[in-house]
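Asker: Line order of the protein sequences matches chains S and A.
With the first letter of the first sequence counted as 1, position 198 gets the number 197 in numbering that gives the first Met the number 0; the numbers rise by one all the way through.
With the first letter of the second sequence counted as 1, position 211 gets the number 210 in numbering that gives the first Met the number 0; the numbers rise by one all the way through.
Read the hints as simulated data drawn from the structure, not as lab findings.
Some clues are possibly wrong.
To be verified - Just a sample of chain S residues kept apart from chain A, beta carbon distances all over 12 Å, derived:
#1 55
#2 63
#3 112
#4 113
#5 143
#6 152
#7 156
#8 180
#9 186
#10 188
#11 232
#12 235
What the hints assert, rightly or not - 20 Å max Cα-Cα, derived EDC-like pairs, lysine to aspartate or glutamate:
#13 S:29 with S:235
#14 S:176 with S:153
#15 A:176 with S:31
#16 S:29 with S:231
#17 A:176 with A:160
#18 S:176 with A:31
Said to hold, decoys possible - The calculated label-pair distances, taken between Cβ atoms and stated as ranges, are:
#19 S:235 with A:157: 26 to 34 Å
#20 A:180 with S:139: 14 to 22 Å
#21 S:64 with A:31: 18 to 26 Å
#22 S:55 with A:170: 40 to 48 Å
#23 S:232 with A:186: 40 to 48 Å
#24 A:92 with S:95: 40 to 48 Å
#25 S:95 with A:160: 40 to 48 Å
#26 S:209 with A:117: 39 to 47 Å
#27 A:70 with S:92: 30 to 38 Å
The beta carbon of each residue, even a glycine, is placed where N, CA and C say it ideally should be.
2 protein chains.
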Amino acid sequence: MHQKSLIGILGGMGPTATVDFLSKVISATKADVDQEHIPLIVHDVPQIPDRSSAIENGRDDPFLPMLAGIRLLDAAGVEFIAIPCNTAHYWHGRLQRGCRAKILHIADAVAHYVTQMAERPRTIAVMATRGTISGGIYSQRLLEGAEQVLVPDEGTQLLIDRAITGVKANQISAARKAATEAAGLLADAGADCLLLACTELPVALSDFDHGPLIMDATEALARACVRASVGEARMETVG
Amino acid sequence: MHQKSLIGILGGMGPTATVDFLSKVISATKADVDQEHIPLIVHDVPQIPDRSSAIENGRDDPFLPMLAGIRLLDAAGVEFIAIPCNTAHYWHGRLQRGCRAKILHIADAVAHYVTQMAERPRTIAVMATRGTISGGIYSQRLLEGAEQVLVPDEGTQLLIDRAITGVKANQISAARKAATEAAGLLADAGADCLLLACTELPVALSDFDHGPLIMDATEALARACVRASVGEARMETVG
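Bound conformation, chain S alone (with noise of 0.2 Å):
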């Protein structure tokens, strides 16, 4: 049988978001019997403190139970962690120093996706929380692919966290009016892209296809587990 690296999920942030994770993680794999499929070990433990609130306010609180899901998935021999939530990566660079396992960081498999897109987008739409935005976690690797960034004015922040915390209530009719409202502001300002940079969005515009192009971050992310694991020749191709 075809090797395979086990990867480690530090998840929870929410529980929905790693489901629509995992199920991507799924879709991406060449596999027609379960023993195809990628060995992983999911930390899914919500009780992480709110990690965009902790950023606005200048908190630390989510850094150390972050910290402990990251050693368990350490020490159960995980060879890279992935972790389905964009804000969480505001302490990227903390984590990986406490752990052996490579932490997978999902803006650089964003900006893998972006290289690989037959025609580069010009304006990119940063959907996100208040503290990924504030964080800076993708402006500049973003940049790197795109002409322009566009972040979202204070109205449509408004709908776009009324959207995250809608599916994290698991009111999932309401955050879809909100996320879609949101992406008709973005494509007026004269975004031809969206980026999905919370993990909860894609399940709140679940349904959405019209106008700009979706680019949906954990998606790349969950490409980004599959190629660690297995490499590009076992991956479903895009599509």
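Chain A: place on chain S using the hints.
Answerer: Same frame as chain S, now just chain A:
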């Protein structure tokens, strides 16, 4: 914050069934924010040899890889373990002897579900792998709740086999067709309730809503997890 027990999941059998199970755990939990969801460690390693063919052919090779997963969860400090694979419960007793955590039994979860039904079913048809049926994982416990248990004939079982392998290969529409045809044959044979006793089957029958009542063993096990972690009061009501 309300205290929650850490739950271990021995998943990966198969990966899609694990994702379906995790989303049913989320749906069964009353929660408005991430932190109110129940904490899980998921051993999602699909390299465990096929359980059904092992039972059919008198092999024991799934046992040690499952025990390794159970021990990893035990070492991580989980209080309860759930196994979202009906067939794997053939080894339930031996796995339980290998760990400190209590392993919930999926047939107990289903039996609890039946006792809470307003009107008990008369004839329950068991839709499962051949291993689950020949291993007798359900028969005794179900006979305590229903007048009659119906085991599919060979033609119907072939359709059920096809539905299960279809989900494992991520060929959902072919799986849906086979499962729907099998469900129709069991209704014709007099079943007023179909027990989906293989965790792949709810994925294939998610849109089925006519004829006999559907009883989903995955959902019963998900509810048992939430009950074990936070108690009845923090559960969503059925519906």
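Asker: Please write out, lowest number first, the hints stated earlier that are contradicted by the structure.
Answerer: Hints 12, 20 contradicted; others consistent.
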